[in-house]
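Student: Here is how the chains run, residue by residue.
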Amino acid sequence: MPRRQWIHAWLLLLPAFVFLIAFTHYPAVQTLIDSFWSTPKGRRPAAFVGAGNYTRMMADPIFAKAMWNSAVYAALTIPTSIVLSLAMALFVQARFAGVALMRMAFFTPTVLPLIAVANIWLFFYAPGFGLIDQVRMFFGLGSANYVGQPATALYAVAAVTVWKEAGFFMIFYLAALQTIPLSLKEAAAIEGCSRLTFFRRVTLPLIMPTTLFVSVNATINAFRLVDHVFVMTRGGPDNASMLMLYYIFENGFRFWDTAYAAALTVVLVAILTLVGIGQFFAADRKVHYR
Amino acid sequence: MIRESALDKMLMRTAGWMLAALWIVPLLYALWSAFHPAAFEARFDITAPLTLENFVTAWGKAPFARYFLNTIFLVTLVLSVQLVLCTLAAFAFARLEFPGKSLLFGLVLVQLLIMPDILLVENYRTMFRLGLVDTILAIGLPYFASGFAIFLLRQTFRTIPKELDEAARVEGCSLLGLLWRVYVPLGKPAMLAFGLVSVSHHWNNFLWPLVITNSVETRPLTVGLSIFATTDSGIEWAVINAATLMTSAPLLLGFLLFQRQFVQSFLRAGIK
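Here the protein sequences line up with chains A and B, keeping their order.
1 is the number of the first residue of the first sequence in this note's numbering; add one for each residue after it.
1 is the number of the first residue of the second sequence in this note's numbering; add one for each residue after it.
Treat the hints with care, as some may be off.
[Claimed, not checked] Here are the simulated lysine to aspartate or glutamate pairs, DMTMM-like style, with alpha carbons at most 25 Å apart:
| no. | chain 1 | residue 1 | chain 2 | residue 2 |
| --- | --- | --- | --- | --- |
| 1 | A | K65 | A | D238 |
| 2 | B | K188 | B | E166 |
| 3 | B | K61 | B | E166 |
| 4 | B | K162 | B | D134 |
| 5 | A | K65 | B | D8 |
| 6 | B | K61 | B | D165 |
| 7 | B | K162 | B | E236 |
| 8 | A | K185 | B | D8 |
| 9 | B | K9 | A | E186 |
| 10 | B | K101 | B | D8 |
| 11 | B | K188 | B | E217 |
| 12 | B | K9 | A | E191 |
| 13 | B | K61 | B | E236 |
| 14 | A | K65 | A | E191 |
| 15 | A | K41 | B | D8 |
[What the hints assert, rightly or not] Below, a sample of chain B positions facing chain A; criterion: calculated Cβ distance under 10 Å:
| no. | residue |
| --- | --- |
| 16 | L119 |
| 17 | E163 |
| 18 | L164 |
| 19 | L192 |
[To be verified] Using C-beta positions, here's what the derived DEER-type ranges look like:
| no. | chain 1 | residue 1 | chain 2 | residue 2 | range |
| --- | --- | --- | --- | --- | --- |
| 20 | B | L52 | A | L32 | 44 to 54 Å |
| 21 | A | A47 | B | E217 | 52 to 62 Å |
| 22 | B | L130 | A | L14 | 47 to 57 Å |
| 23 | B | H201 | A | A47 | 54 to 64 Å |
| 24 | B | S5 | A | T273 | 20 to 30 Å |
| 25 | A | R95 | B | G100 | 50 to 60 Å |
| 26 | A | I7 | B | S102 | 11 to 21 Å |
| 27 | B | S174 | A | A270 | 37 to 47 Å |
Treat the hints as calculated values from the structure; they're not laboratory data.
Keep in mind it's a predicted model, so treat the numbers as computed, not measured.
C-beta: ideal position from N, C-alpha, C; glycine also.
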């Protein structure tokens, strides 16, 4: 290969890499380094504390709570979003009068900003005049403050996530369902196979790659999207809806404890990397049927 | 074909409409309250008068005009820089051979996993050093080189027939000329797809803008809306709902008008 081409290639890559390194790789490495130092305060510069931030984390009840909440939140939102989005795709894959309207009902929440979605739901949940409370009162039940009580706050936030992302995942399932060859359906009909069996034995395995794609995205979203927490609960009440990224924000920008925030970020990045590696191996194990 | 009995069909339709109704209810409820006087915000009365008063009040109570400008400037800036930088890089990865290619591509893919959204604290420090805190440029900078765009465009460029490429080279076309005359025109659908994804992502982005801005002159809509909605000054729900719908309206309208393109773009961008 001619050397001139090397130079050209590097020159083409240079501008993108300046930004990539400055705002992704450098901060990632620097975060790791910072997590082994203390937070500089006033005149006192940062001091090397080894694993100090991590041992503190192990004893921090709010961190334990945030980890637990993130796990519960992921365990709630991921399967629910997958099942609902697949159901939606099955509902709207046929042609019938009003199908466009039905698709729109499912997909519209996806286009709204998460902050706007949070406001809409806060009103929906609002004690006294939210729609949910109105229904409760209609049936003679007392008023309930879903986002304001520790027992339900996390579920209230999780419901909003599912509402927003299910319609987005639906379009991927819809595309996948359309790639299932007609000949398979004909063959199954000759064999006298029921609709349920066909769905379980043919459809589900064939859309496995989409399910993998959707679950990876749902997992990343579960750890990355916390906008609605800011509007709805601010991690409360009593840390009932504290999620990892929100806790990082609180430490970094409310308590200005940047070293501890760095250590927390390292944990979050480690979790995301594990998800990425998991995806790689899962994709390798023949989920593709081509 | 497997017979779809009339009963099956009816069950599917009914379940579908029930879920659809359930899905759209929160949005309809917000719409109801935004277009009716505050007295009707939780009372359903078909004779309730329609009004735009809530929108007028919201517009007057916070500098939404400025927030709109900020957001429009932000998404335009981010998308145009992204398209230029990522097209150049994607072209190099798709059609040139050079040492370190796979290592560098691996470094690009790292960004798909570790997004700038997560590295808040360190990026804030960088912006502080550059003296860029509280500027619109600072909101956009971390997203200029999009690993996702590079990946998507590289995939597209690789599907362009090599013959076209070679023919242009024989004609004496320079490397940049080749990129501009052959690859960019053929890569347009992918760029459009990425454009829609990028615009809706940055229109909706919240956490990083919240951290890096602290004045009306730089705040995008999402941050402005969250401040407006959480001030405990006793603003009525109807007005908050009006503000909420107002800030999402451009995307919502765009989606309703270009539904097919939106869905196609998300699909294109998602399936790798």
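Student: Next step is simple, just say for each hint if it's right about the structure.
Tutor: Going down the list of hints, with the structure as the test:
{"no.": "1", "hint": "A/K65 to A/D238", "verdict": "holds, 10 Å"}
{"no.": "2", "hint": "B/K188 to B/E166", "verdict": "holds, 20 Å"}
{"no.": "3", "hint": "B/K61 to B/E166", "verdict": "violated, 61 Å"}
{"no.": "4", "hint": "B/K162 to B/D134", "verdict": "violated, 46 Å"}
{"no.": "5", "hint": "A/K65 to B/D8", "verdict": "violated, 45 Å"}
{"no.": "6", "hint": "B/K61 to B/D165", "verdict": "violated, 57 Å"}
{"no.": "7", "hint": "B/K162 to B/E236", "verdict": "violated, 62 Å"}
{"no.": "8", "hint": "A/K185 to B/D8", "verdict": "holds, 17 Å"}
{"no.": "9", "hint": "B/K9 to A/E186", "verdict": "holds, 19 Å"}
{"no.": "10", "hint": "B/K101 to B/D8", "verdict": "violated, 54 Å"}
{"no.": "11", "hint": "B/K188 to B/E217", "verdict": "violated, 34 Å"}
{"no.": "12", "hint": "B/K9 to A/E191", "verdict": "holds, 22 Å"}
{"no.": "13", "hint": "B/K61 to B/E236", "verdict": "holds, 12 Å"}
{"no.": "14", "hint": "A/K65 to A/E191", "verdict": "violated, 53 Å"}
{"no.": "15", "hint": "A/K41 to B/D8", "verdict": "violated, 68 Å"}
{"no.": "16", "hint": "L119", "verdict": "holds, 4 Å"}
{"no.": "17", "hint": "E163", "verdict": "violated, 19 Å"}
{"no.": "18", "hint": "L164", "verdict": "violated, 18 Å"}
{"no.": "19", "hint": "L192", "verdict": "violated, 17 Å"}
{"no.": "20", "hint": "B/L52 to A/L32: 44 to 54 Å", "verdict": "holds, 53 Å"}
{"no.": "21", "hint": "A/A47 to B/E217: 52 to 62 Å", "verdict": "violated, 38 Å"}
{"no.": "22", "hint": "B/L130 to A/L14: 47 to 57 Å", "verdict": "violated, 19 Å"}
{"no.": "23", "hint": "B/H201 to A/A47: 54 to 64 Å", "verdict": "violated, 39 Å"}
{"no.": "24", "hint": "B/S5 to A/T273: 20 to 30 Å", "verdict": "violated, 49 Å"}
{"no.": "25", "hint": "A/R95 to B/G100: 50 to 60 Å", "verdict": "holds, 51 Å"}
{"no.": "26", "hint": "A/I7 to B/S102: 11 to 21 Å", "verdict": "holds, 19 Å"}
{"no.": "27", "hint": "B/S174 to A/A270: 37 to 47 Å", "verdict": "holds, 45 Å"}
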